[in-house]
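Please construct the entire structure, taking both the sequences and the accompanying hints into account.
Chains as they are written, first to last, in numbering that gives the first Met the number 0: chain A, 0 to 221; chain B, 0 to 241; chain C, 0 to 215.
Take the hints with a grain of salt, since some may be wrong.
Below are the PhoX-like pairs computed for lysine-lysine, each with C-alpha atoms no more than 25 Å apart in a straight line [as the list claims (entries may be wrong)]: (1) K113(C) - K104(B); (2) K109(B) - K119(B); (3) K117(A) - K113(C); (4) K209(C) - K117(A); (5) K85(A) - K113(C); (6) K72(B) - K157(B); (7) K113(C) - K72(B); (8) K209(C) - K48(A); (9) K182(B) - K24(B); (10) K178(B) - K119(B); (11) K109(B) - K178(B); (12) K19(B) - K56(B); (13) K72(B) - K46(C); (14) K113(C) - K184(C).
DEER-style ranges, computed between Cβ atoms [claimed, not checked]: (15) S45(C) - Q132(A): 21 to 27 Å; (16) A133(B) - R44(C): 30 to 36 Å; (17) Y71(B) - R213(A): 36 to 42 Å; (18) Y11(B) - L21(C): 55 to 61 Å; (19) R140(C) - P170(B): 32 to 38 Å.
Everything labelled a hint here was simulated from the structure, so no lab data went into it.
Positions of the beta carbon are idealized from the N, C-alpha and C atoms, including for glycine.
The residues making up each chain are set out below.
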Amino acid sequence: MSYQLDFSGLVPYLPQFAAGLWTTIELTVISTLGGLLLGTLCAQGRISKDAWLRRSCSCYIEIIRNTPFIVQLFFIFFGLPALGIKLSAWQAGMLAMIINLGAYSAEIIRAGIDAAPKGQWEAGQTLGLTRRQVFWHIILLPAYQRVYPALVSQCIIVMLGSAVVSQISVEELTFSANFVQSRSFLSFESYMVAALVYLLLAILMRQTFALIKRFAFKNPSL
Amino acid sequence: MSLVSLDQVHKYYGENHVLKGVDLKVEAGEVVSIIGRSGSGKSTLLRCMNGLEEYQKGAVIVDNQSVENDDYKLRLLSRSVGMVFQNFNLFPHMTVGENVMLATKLVMKKSSADSEILAKELLEKVGLADKFSAYPGNLSGGQQQRVAIARSLAMSPKVLLCDEITSALDPELVGEVLKVLEKLKQEGMTLILVTHEMNFARDVGDRVVFMNQGRVWETGQSDEVFSNPQTEELQSFLAAVR
Amino acid sequence: MVQFTDWDILKNLLLAARWTILLSLLAFAGGGLFGLILTLLRSMRSKIITRIIQTYVEIFQGIPLLMQLFLTFFGLSLIGIEVDAWSAAVISLTLFSSAFFHDIWRGCIEALPKGQWEACRTLGLTYLQTMRYVIVPQAMRMSIAPTVGFSVQIVKGTALASVIGFVELTKAGTMINNAVFQPFKVFAMVAVLYFLICFPLSVLARHLEKKNHVAR
Numbered sequence: 000m001s002y003q004l005d006f007s008g009l010v011p012y013l014p015q016f017a018a019g020l021w022t023t024i025e026l027t028v029i030s031t032l033g034g035l036l037l038g039t040l041c042a043q044g045r046i047s048k049d050a051w052l053r054r055s056c057s058c059y060i061e062i063i064r065n066t067p068f069i070v071q072l073f074f075i076f077f078g079l080p081a082l083g084i085k086l087s088a089w090q091a092g093m094l095a096m097i098i099n100l101g102a103y104s105a106e107i108i109r110a111g112i113d114a115a116p117k118g119q120w121e122a123g124q125t126l127g128l129t130r131r132q133v134f135w136h137i138i139l140l141p142a143y144q145r146v147y148p149a150l151v152s153q154c155i156i157v158m159l160g161s162a163v164v165s166q167i168s169v170e171e172l173t174f175s176a177n178f179v180q181s182r183s184f185l186s187f188e189s190y191m192v193a194a195l196v197y198l199l200l201a202i203l204m205r206q207t208f209a210l211i212k213r214f215a216f217k218n219p220s221l
Numbered sequence: 000m001s002l003v004s005l006d007q008v009h010k011y012y013g014e015n016h017v018l019k020g021v022d023l024k025v026e027a028g029e030v031v032s033i034i035g036r037s038g039s040g041k042s043t044l045l046r047c048m049n050g051l052e053e054y055q056k057g058a059v060i061v062d063n064q065s066v067e068n069d070d071y072k073l074r075l076l077s078r079s080v081g082m083v084f085q086n087f088n089l090f091p092h093m094t095v096g097e098n099v100m101l102a103t104k105l106v107m108k109k110s111s112a113d114s115e116i117l118a119k120e121l122l123e124k125v126g127l128a129d130k131f132s133a134y135p136g137n138l139s140g141g142q143q144q145r146v147a148i149a150r151s152l153a154m155s156p157k158v159l160l161c162d163e164i165t166s167a168l169d170p171e172l173v174g175e176v177l178k179v180l181e182k183l184k185q186e187g188m189t190l191i192l193v194t195h196e197m198n199f200a201r202d203v204g205d206r207v208v209f210m211n212q213g214r215v216w217e218t219g220q221s222d223e224v225f226s227n228p229q230t231e232e233l234q235s236f237l238a239a240v241r
Numbered sequence: 000m001v002q003f004t005d006w007d008i009l010k011n012l013l014l015a016a017r018w019t020i021l022l023s024l025l026a027f028a029g030g031g032l033f034g035l036i037l038t039l040l041r042s043m044r045s046k047i048i049t050r051i052i053q054t055y056v057e058i059f060q061g062i063p064l065l066m067q068l069f070l071t072f073f074g075l076s077l078i079g080i081e082v083d084a085w086s087a088a089v090i091s092l093t094l095f096s097s098a099f100f101h102d103i104w105r106g107c108i109e110a111l112p113k114g115q116w117e118a119c120r121t122l123g124l125t126y127l128q129t130m131r132y133v134i135v136p137q138a139m140r141m142s143i144a145p146t147v148g149f150s151v152q153i154v155k156g157t158a159l160a161s162v163i164g165f166v167e168l169t170k171a172g173t174m175i176n177n178a179v180f181q182p183f184k185v186f187a188m189v190a191v192l193y194f195l196i197c198f199p200l201s202v203l204a205r206h207l208e209k210k211n212h213v214a215r
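Written out as structure tokens, the structure reads:
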């Protein structure tokens, strides 16, 4: 127990941490937006009248939800070039995160859609709206509102999952921590700092989503 | 000494003054109906009588025991005061018989055999002898409520508190539950009920308590209160519910 | 250079998958046990204990699992306990799952209607009797589906143990790929094997959930 924690040794490496943090934020913001859009489209696909579309959407959801993110990442980064699809590490990491969040959020959003009273669909259709119009204008917003807490948690899980893209050398926060610890030999300290930053990011995300909620859902009760 | 006696009971929910000095005495064998608009504090009053709600000022004494927020004292009190809820609150993972026997075994420390005899007797009384092994989920609302009554009776309480026990029932099932209450009255059970059943309150109840704005606004013998309400508030309330 | 047939690749992956399964089972058992202890401690209703457990859960749910692995791996050696990748993986996956299990089970307990507690109180049951005979049996029934569901997360979580050098399914995949240079095939096979472990669990969880809904 003679070891003394030495955080001051990390001060020279602050720029590395900052750069890593920025990439993590970048990945998180883009993948959250992209993932939620993909998830919404996929949830719509799941209730489509076209059986083929329904089936392919469920296939995608099941495959992603039942395999580890790191394997999905390796498959995209190392495997896809065999099909002639070459992606940079950053692009591969981003794509993997979007695809991952897409599958999970599709499942969550669908639960919100399923919970919509049948009368909502019927009311929309008697007003002369198409199925698609009913979906986008009437069903979707309350569905988001119903499952909002689960969606927020999932987005945070994907943000935390971004640590894994360090494994294909995307220079995000975990990558920075790895780099700093290999230079400074302060491994525990580097990882502590990174862990703390992730924790803060998770809290920050929760608060941002709480703020968005206030503007997005004007009717507080459902 | 009255069986139930409330003396200047005050209750606050934060800033909200729900009970503003309630006095009430109930004698053994009486059937007292508490009526009033929603929000008048009638359910809260009932729940103060068995410690489900704390009160901040005044005194509640039931069967010579002071009702205080103390787990041990409240457990002792539970042998004197039974309660039946609006939503039955049966234990869904236990059969009807197990529901009735749970407290006799755990609290009264009766043997399984004795408990079973008692449970069957009580279920017989509420007309559900054949449902001993059924699960609550397979019973109608009226049947579930009768099981809940039997469950409370298993503790042989001196007074039974009924909190809107027919409000969650379909209209055609209300009668079977009220019939059980009538039977209990004939056997001399003390009943205090918060209710919307004005006919029952008038025909079966001895006394009516009209709660308004957290106070006992008007009280008296049932027939008198209903035929000749004194205050304007009670008059308008009765006109509205009839 | 050794020639690998597809069968060789699959055979090696299958051998490594045993470790994935073993690691998952240990994390499930350890996390379950520890999560249970947390849930029991929390039900003692002490404000300090509750606050500590809340913080514990927030930390383990707010830090990447990968980071937790690193911290266990490097942190333990700091205080003089040399751990191999295997023990570090077991320890951190256990802690990680205990936080989630606790959260799931507490949620089930709190989801029970207040009336159940009140009925017990009016019947004179003690707190422990209420828990044992009324609350826990119902909460347990409710918790089976999400507990099975979370086991899928554990299996997937074990893949990260590859990063600290533990040779399970994912690590075996990268190692084999380094030898045969057929990433598309190798990682597809790895994914299929995970799918074969996880999908039945997912289906089971969904089935149990539906059954629960019908029962209510």
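Checked hints:
A distance of roughly 23 Å separates the Cα atoms of K113(C) and K104(B); the hinted pair therefore holds under the 25 Å criterion. Between the alpha carbons of K109(B) and K119(B) the distance comes to roughly 14 Å, so the proposed pair stays at or under 25 Å and holds. For the hint linking K117(A) to K113(C), the alpha-carbon distance of about 30 Å lies beyond 25 Å, and the restraint is violated. Restraint check: the Cα-Cα separation between K209(C) and K117(A) comes to about 20 Å, which is no more than 25 Å; the hinted pair holds.
For a cut-off of 25 Å, the pair hint linking K85(A) to K113(C) is broken: about 57 Å separates their Cα positions. Note on K72(B) and K157(B): the hinted pairing holds, with a Cα-Cα distance of about 16 Å set against a maximum of 25 Å. This hinted pair checks out: K113(C) and K72(B) have alpha carbons roughly 21 Å apart, not beyond 25 Å. Restraint check for K209(C) and K48(A): satisfied, since their Cα atoms lie roughly 24 Å apart, inside the 25 Å limit.
The suggested pairing of K182(B) with K24(B) holds, with an alpha-carbon distance near 23 Å, which does not exceed 25 Å. For the hint pairing K178(B) with K119(B), the CA-to-CA distance comes to about 19 Å; that is within 25 Å, so the pair holds. A distance of roughly 29 Å separates the Cα atoms of K109(B) and K178(B); the hinted pair therefore is violated under the 25 Å criterion. With a C-alpha separation of about 9 Å, the suggested pair K19(B) and K56(B) falls inside the 25 Å cut-off, and the hint holds.
Between K72(B) and K46(C), the direct Cα distance comes to roughly 23 Å. Compliance with the 25 Å bound is thereby established for this hinted pair. At roughly 54 Å between alpha-carbon atoms, K113(C) and K184(C) are farther apart than 25 Å, so this suggested pair is violated. For the pair S45(C) and Q132(A), the supplied restraint of 21 to 27 Å is violated, since their beta-carbon distance comes to about 54 Å. Our hint of 30 to 36 Å for A133(B) and R44(C) holds, since their Cβ atoms are close to 35 Å apart.
Separated by about 46 Å at the C-beta atoms, Y71(B) and R213(A) break the suggested range of 36 to 42 Å. Judged by the Cβ atoms, the range 55 to 61 Å given for Y11(B) and L21(C) holds: they are separated by roughly 58 Å. With their beta carbons about 33 Å apart, R140(C) and P170(B) fall inside the hinted range of 32 to 38 Å.
Violated hints, in rising order: 3, 5, 11, 14, 15 and 17; the structure is consistent with all others.
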